[in-house]
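Residue numbers (our numbering), protein chains in the order written: chain A, 27 to 401; chain B, 4 to 234.
Be a bit skeptical, because a hint or two may be false.
As the list claims (entries may be wrong) - Once the Cα atoms are required to be at most 30 Å apart in a straight line, the calculated DSS-like pairs of lysine-lysine come out as:
#1 Lys-162(A) x Lys-75(B)
#2 Lys-102(A) x Lys-254(A)
#3 Lys-251(A) x Lys-265(A)
#4 Lys-190(B) x Lys-400(A)
#5 Lys-21(B) x Lys-305(A)
#6 Lys-142(B) x Lys-400(A)
#7 Lys-400(A) x Lys-21(B)
Said to hold, decoys possible - Covered stretches of chain B, going by a simulated chain A footprint (3 or more residues, C-beta under 8 Å):
#8 54-62
#9 81-92
#10 131-138
What the hints contain is simulated information worked out from the structure, not anything from laboratory work. Heads up, the beta-carbon is just placed ideally off N, CA and C, and yes, glycines get one too.
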Amino acid sequence: MSLIFRLASRNLFQDRLRFIATIVGIVFSIVLVSVQLGLFLGFETMVTTMIDHAPADLWIVARGTKCFEDPSLFDKSNRARATSVAGVADAIPVIIGFSEWSDPQGGTTPVFLVGSDAGGLRPWNIVGGNLADLSKPGAVAVDRSYFDRLGVNGIGDTTTVRDLDLHIAVVTKGIRSFTTTPYVFAPLARAQAYIGTPANRISYLLVRLAPGANVEAVRGQLLKKLTKVEVLTPAEFRKRSRDFWLFGTGAGAALFGGALLGVIVGAVIVAQTLYSSTKDHLTEFATLRAMGSSSFYIQRVIISQAMLSAVIGFACAACLDLVVLVSTANSALPVVMTPRLMAWLFAITVVMCIASAIAAIVQVTRIDPALVFKQ
Amino acid sequence: MSQAPVIEASDLVMRLGKGAGQVEALRGVSLTLNTGELTLLMGPSGSGKTTLLSILGCILTPTEGVVRVCGKTSNGARAGDLARLRRDHIGFIFQSYHLFPTLNALDNVRLALDVRGVRGGVAIDEATEVLATVGLEEKWAARPSELSGGEQQRVAIARAIVGDPSAVLADEPTGALDGENGRAVMKLLATIARDRSHSVLVVTHDPRVVPFADRIICIEDGRIISEERRN
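One chain only, chain A, in its complex shape (with noise of 0.2 Å):
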């Protein structure tokens, strides 16, 4: 072991108090951070399930659409128009919508329809019972994670949308809203009978190309032959949903704000922390000085101590990530943790902490080695 990160080490240990304050602010910083980064990408995931999930090369869409959840319509007559255009194998129309469901127990939740036929918009991750079922009068699908929400215990309860019967035909594991409202599916036309639009009106055309199929030529000749729509790729579609939900609501700007507000919160108290034990070893760093070191051997001794602060801190902060991350992996909005936003959170630990050195740093560059004559 270097003697620098020796003294470093011993520094920062002496005074167990401070040390353990130190880990300690550290620590709530970056739970803090990781929790609002990683609410952040559980979201954005979250957000574009649908996109992700639904069997689209381009999306047709209202104009003016911002989200997968915009309830905006469109004529459905742009699907035999949309099929004629070279290059399209098929155009799936897709309804969307809020409802009531009226839980057998005599009370109402809102519901989100998704409603598609074969080849469209589909539940994934079906756990009881299968599509086929969907087809059959008054069969949907929603998620198990629901049930309590919705007044259900399983495949073949009955209930009500908008006084019109269905019973539980199908029923998925995970595909859960990030607005707490459950999703419903259903085909097409009783899905667009339980929201209430007209059967001539849908949210969004799935067009599947056909082999070979050239996207931008496809979508060039589908702008030109539709009207009052817009053409998208899923991933123009994702980002547009993104940027609604995380920017145009604000969501995204107080995740980020609570991790800015985290950073700013751990940098002030590693700051505090490394300043008062820098000036308690004045004299150490004095006497440094008189012995001839230069300041950059005195800066490593101080960056030395932040830089063991961030990864004991980090490390302490990891296993709470961990805790979070467990606890939260079946909620509404799970946390997400990836390899990347640990990497990222590392390296703004070691950056704010080694930031948070600079106040000490600057105090013993500026120190007088006659100091060490005066004590």
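Fit chain B to the known structure of chain A by using the hints.
Here is chain B on its own, set in the frame of chain A:
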């Protein structure tokens, strides 16, 4: 005894403070320190002893006058250059030792090598050898709090001489020690001056250290008032 000058100072003037509160701590001091000599710098409190030691040790630069350490002048040098002069040529011993309380005796000595860029096994061997020179080879693992005052000062001496500097400057090295430990420390410093051919300057007002000196310089009101060579 060699008489090659290690430190030469001529016409040193040091003014401290500004305006009406300005004090002339040194008023035209000239002296040389030679290898193989233990020089005592004696004088009452406020006479300018420590200021002179700081200037000779390249910690302060004089208002006027010239200091040469091993032929290199400290005048006009920047803080980094002064640090290099100290690192290459000077070892310090302080009244209150200024050992690092969290490091053991060996690491305290190694630190003086570490700042010079000497590391690893070479540094450990050299530090161990110097600890043996000061009679503390058995206590290399002890922290300062586990050592007596005399032992702590011997570790400080080991730290001062480990890089084999040309000059060792000691500020009241016996000030915090009892008579027996004080004599032991002075004996060690005299041995270092003679056997290891260092120039040792001891700032003191302790008359008990006089028998160990080769030369005694008395300073008062910022001026050298007498210089006596012994033996």
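Here is what the structure says about each hint:
no.	hint	in the structure
1	Lys-162(A) x Lys-75(B)	violated, 100 Å
2	Lys-102(A) x Lys-254(A)	holds, 12 Å
3	Lys-251(A) x Lys-265(A)	holds, 25 Å
4	Lys-190(B) x Lys-400(A)	holds, 26 Å
5	Lys-21(B) x Lys-305(A)	holds, 27 Å
6	Lys-142(B) x Lys-400(A)	holds, 29 Å
7	Lys-400(A) x Lys-21(B)	holds, 20 Å
8	54-62	holds (count 4)
9	81-92	holds (count 8)
10	131-138	violated (count 0)
In the structure shown, a violation is registered for the earlier hints numbered 1, 10, in ascending order.
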